[in-house]
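Trainee: Sequence:
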Amino acid sequence: MRPHWVRRQLVTLLFLAVVLVLVSGFLELVSAVRLSTRQARVEASLVTGFVRGQLSVLAAAYSPDSLRAIGRDPRLESTLRDALVLAPSVARVGIADPEGITIAHTEPSRVGTIIQPYPDLPKAESFLEAVRLLVALGVKRQIVAYQIETRLEINRKLYAVIRVVLADTYIWQSVREAGRRGILTALIVVPIAALSGLALARMATGRLRTLEEGITALREGRFDEPLPDAGADEFSRLARELNLLGAEFQRRQKEWEEESSPPLAAVVAGQTRVLMRLAQMASGVAHELRNELQTIQSNLEVARLDPSRASEPLDLALQGVSNVGQSVRGFLKVARFRPLSTQHLQINDLLRHIREDLATNAALAGVELDLALTEDLPETVADPEVIRQAIDNLVRNALQALVETGGHVVLRSDGGDGTVSVIVEDDGPGMPDHVLAKAGTLYVTTRRDGSGVGLALVHQAMELHGGSVQIQSEKGQGTRITLVLPVVPA
Numbered sequence: 001m002r003p004h005w006v007r008r009q010l011v012t013l014l015f016l017a018v019v020l021v022l023v024s025g026f027l028e029l030v031s032a033v034r035l036s037t038r039q040a041r042v043e044a045s046l047v048t049g050f051v052r053g054q055l056s057v058l059a060a061a062y063s064p065d066s067l068r069a070i071g072r073d074p075r076l077e078s079t080l081r082d083a084l085v086l087a088p089s090v091a092r093v094g095i096a097d098p099e100g101i102t103i104a105h106t107e108p109s110r111v112g113t114i115i116q117p118y119p120d121l122p123k124a125e126s127f128l129e130a131v132r133l134l135v136a137l138g139v140k141r142q143i144v145a146y147q148i149e150t151r152l153e154i155n156r157k158l159y160a161v162i163r164v165v166l167a168d169t170y171i172w173q174s175v176r177e178a179g180r181r182g183i184l185t186a187l188i189v190v191p192i193a194a195l196s197g198l199a200l201a202r203m204a205t206g207r208l209r210t211l212e213e214g215i216t217a218l219r220e221g222r223f224d225e226p227l228p229d230a231g232a233d234e235f236s237r238l239a240r241e242l243n244l245l246g247a248e249f250q251r252r253q254k255e256w257e258e259e260s261s262p263p264l265a266a267v268v269a270g271q272t273r274v275l276m277r278l279a280q281m282a283s284g285v286a287h288e289l290r291n292e293l294q295t296i297q298s299n300l301e302v303a304r305l306d307p308s309r310a311s312e313p314l315d316l317a318l319q320g321v322s323n324v325g326q327s328v329r330g331f332l333k334v335a336r337f338r339p340l341s342t343q344h345l346q347i348n349d350l351l352r353h354i355r356e357d358l359a360t361n362a363a364l365a366g367v368e369l370d371l372a373l374t375e376d377l378p379e380t381v382a383d384p385e386v387i388r389q390a391i392d393n394l395v396r397n398a399l400q401a402l403v404e405t406g407g408h409v410v411l412r413s414d415g416g417d418g419t420v421s422v423i424v425e426d427d428g429p430g431m432p433d434h435v436l437a438k439a440g441t442l443y444v445t446t447r448r449d450g451s452g453v454g455l456a457l458v459h460q461a462m463e464l465h466g467g468s469v470q471i472q473s474e475k476g477q478g479t480r481i482t483l484v485l486p487v488v489p490a
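Sequential numbering from 1 applies to the sequence shown in full-length UniProt numbering.
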């Protein structure tokens, strides 16, 4: 990793850490505003209830018109003083008559004056309300006190007004203490998380670089350089799949090198065809893997740059690793044909068995599966299971193409010029030209749930038998696939 790239990563991580500290601290401040405001309202309600009860008792003992005398009662003065002791958030308490003249107050000098009004204490229950109160307290500093006012009525007439005044310094002190705690916590936790994310991303990038080197070794024919695959994570499983792929390449290469049975020219020609096709498919596998690895690396870079939001890109990276494993397994399925067990084969008998086995599938799909056989065809030399698998794949593909519309699938046989042919023909939707040009290429499929392996298996089976595959298709007109096999020499 180049030095300037490391510096850029460190600067980015530092910026993210600062942003997280600021956001975390701000949220802590808002939470402190909400909690301290709620506590202040609770204390104000308790004080109001305490004073209201005492005032009601005194009102019953005095005449209805003696409110000012009640204000001078020592018991009421004692109640007001006790309220300040019991409620730290309360700055002062005043009682006024219906005209607003103060008759009792925790500050005696205010008795006889018009009671001073203050803004009502906001509830600050919602996030936005708490933010507005925080701005008023900390930025504008416009408010120095808030009030909670309660009206006392006797015989449905206003008797007195109780006004509890709350100092904003109580709320602001709670905010400052919470802010210090939140910022201190963020300054400790965020750098640890950032460093952990950086270490994890670097480790994953190193593993990806090792996998990429392994793929390069496969492309260059260096099959004796296995990747480290100890472990149970996705990277180790992928490394094991790539090692299996390299071992398969090496095994086939050894078989071809040791092959010396006559006729040598025919063997070499056949094996060369198989090798060329495997090489083409390997190139496609390498391209598929490189694209997936680039996607994985991009998502890991995103996770490294923002560890707090690493869940989604890491999930995408793991999905990419799974896709790579699926691609490798698909290639191995095509490349792992066992050595052929050939015998004399009557192709018509094989087609009858296949039709019988797939009749139920055709009926369930609403498709008619018919035979059109040319009798007295010569025998071919082939591995029955390999040929059966190839034809079975073609018929199943045809049935799936017609499952929504219904239609006909015909299994034909024909012969001539030293060959026998198997034709699978359907009247389905067919393939457009751009799809037809890639038919049989590994991983190319037109179905959403397809793997793109079936036709590649058919091509590989024909190459192993010295045969060929011919595909004819037109969009809206159906598809005709012909398998051509050599016959037994007379």
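To be clear, the hints were calculated from the coordinates, so they are not data collected in a lab. Just so you know, even glycine gets a beta-carbon here, dropped at the ideal spot from N, CA and C. Any given hint could be a false lead.
[Claimed, not checked] The following label-pair restraints were derived from C-beta to C-beta distances: (1) SER341 x THR216: 31 to 39 angstroms; (2) LEU158 x ARG309: 52 to 60 angstroms; (3) THR216 x ALA372: 48 to 56 angstroms; (4) ARG251 x GLY366: 27 to 35 angstroms; (5) VAL23 x ASN361: 57 to 65 angstroms; (6) ARG38 x GLU301: 13 to 21 angstroms; (7) ARG151 x ASP82: 33 to 41 angstroms; (8) VAL57 x PRO117: 21 to 29 angstroms; (9) ASP120 x LYS157: 32 to 40 angstroms; (10) THR216 x ASN361: 49 to 57 angstroms.
[Unchecked claim] Straight line, CA to CA, 25 angstroms or less: simulated SDA-like cross-link-like pairs of lysine to any residue: (11) LYS123 x THR150; (12) LYS475 x SER421; (13) LYS254 x THR216; (14) LYS123 x GLN173; (15) LYS475 x THR419; (16) LYS475 x GLY430; (17) LYS123 x ARG38; (18) LYS157 x ALA61; (19) LYS157 x THR113; (20) LYS254 x LEU244; (21) LYS123 x TRP172; (22) LYS157 x LEU244; (23) LYS475 x HIS434.
Trainee: Tell me, which hint numbers fail for this structure?
Mentor: 4, 6, 7, 9, 10, 15, 22
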